[in-house]
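Student: Starting from the given sequences, assemble the full structure and let the hints guide the process.
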Amino acid sequence: DQQVKQNSPSLSVQEGRISILNCDYTNSMFDYFLWYKKYPAEGPTFLISISSIKDKNEDGRFTVFLNKSAKHLSLHIVPSQPGDSAVYFCAASARGGGADGLTFGKGTHLIIQP
Amino acid sequence: AAGVIQSPRHLIKEKRETATLKCYPIPRHDTVYWYQQGPGQDPQFLISFYEKMQSDKGSIPDRFSAQQFSDYHSELNMSSLELGDSALYFCASSLGRGTDTQYFGPGTRLTVL
Numbered sequence: 001d002q003q004v005k006q007n008s009p010s011l012s013v014q015e016g017r018i019s020i021l022n023c024d025y026t027n028s029m030f031d032y033f034l035w036y037k038k039y040p041a042e043g044p045t046f047l048i049s050i051s052s053i054k055d056k057n058e059d060g061r062f063t064v065f066l067n068k069s070a071k072h073l074s075l076h077i078v079p080s081q082p083g084d085s086a087v088y089f090c091a092a093s094a095r096g097g098g099a100d101g102l103t104f105g106k107g108t109h110l111i112i113q114p
Numbered sequence: 001a002a003g004v005i006q007s008p009r010h011l012i013k014e015k016r017e018t019a020t021l022k023c024y025p026i027p028r029h030d031t032v033y034w035y036q037q038g039p040g041q042d043p044q045f046l047i048s049f050y051e052k053m054q055s056d057k058g059s060i061p062d063r064f065s066a067q068q069f070s071d072y073h074s075e076l077n078m079s080s081l082e083l084g085d086s087a088l089y090f091c092a093s094s095l096g097r098g099t100d101t102q103y104f105g106p107g108t109r110l111t112v113l
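Chains A and B, in that order, give the protein sequences.
Mapping the first sequence onto this note's numbering, position 16 (from 1) lands on 16, and the numbers just tick up by one.
Mapping the second sequence onto this note's numbering, position 39 (from 1) lands on 39, and the numbers just tick up by one.
Honestly, the hints are just simulated from the structure, not real lab data.
Source: prediction; values computed, not measured.
Computed, partial: chain A to chain B, Cβ under 10 Å:
hint, residue
1, 2
2, 4
3, 34
4, 38
5, 44
6, 89
7, 98
8, 102
Each residue gets a CB set at the ideal place from its N, CA and C atoms; glycine is no exception.
Tutor: As structure tokens, then:
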């Protein structure tokens with residue numbers, strides 16, 4: 001049972017436009033959410049995170065929005081750049097429940113077109 | 001900035017052999033996590049250690065064991081290897097347990113023939 005779902009396996013966006021990657025979760029115990037970027041043959045690189053007590057966190061071109069009632073979060077990248085082309089993983093943890101491991105979605109392959 | 005180091009980066013083993021993967025966390029990080037990513041899959045949490053003690057356990061097979069040493073590096077020992085163990089194995093580290101972001105290493109690609 002996939003507790004973190006990324007329903008778009010791939011997304012193509014024009015350079016300079018906004019990229020919006022979506023993630024849904026089912027476990028109401030999750031209280032901390034992260035986005036990772038991954039290139040082939042490399043480990044996931046941390047991008048941005050958000051605690052369940054917030055609904056928005058911003059870091060440069062990256063903004064994460066959290067809608068707890070809908071169990072939905074999204075990552076906005078503005079403006080999109082060619083170097084943003086990678087697989088993006090949404091991850092969640094239940095830190096308040098004492099769980100250490102992150103639960104990942106299956107990833108969205110973002111392709112930035114020139 | 002120093003990152004998580006994993007060795008070896010690639011490993012080829014035969015069925016029923018054993019393998020040992022090593023992870024060196026970011027300096028001053030005291031928590032280590034192990035993940036397995038099969039082909040086309042998302043990373044799956046295996047096990048974690050905080051201050052040299054096992055702190056959480058995920059979907060780690062009984063054939064696998066791990067430990068964290070006094071210098072905080074960790075080793076994942078895998079015995080009686082099966083074809084299905086072929087995967088990318090990631091180690092991550094954090095400062096504090098469950099309190100901070102996990103930073104991932106480059107992974108070890110294990111191929112079981």
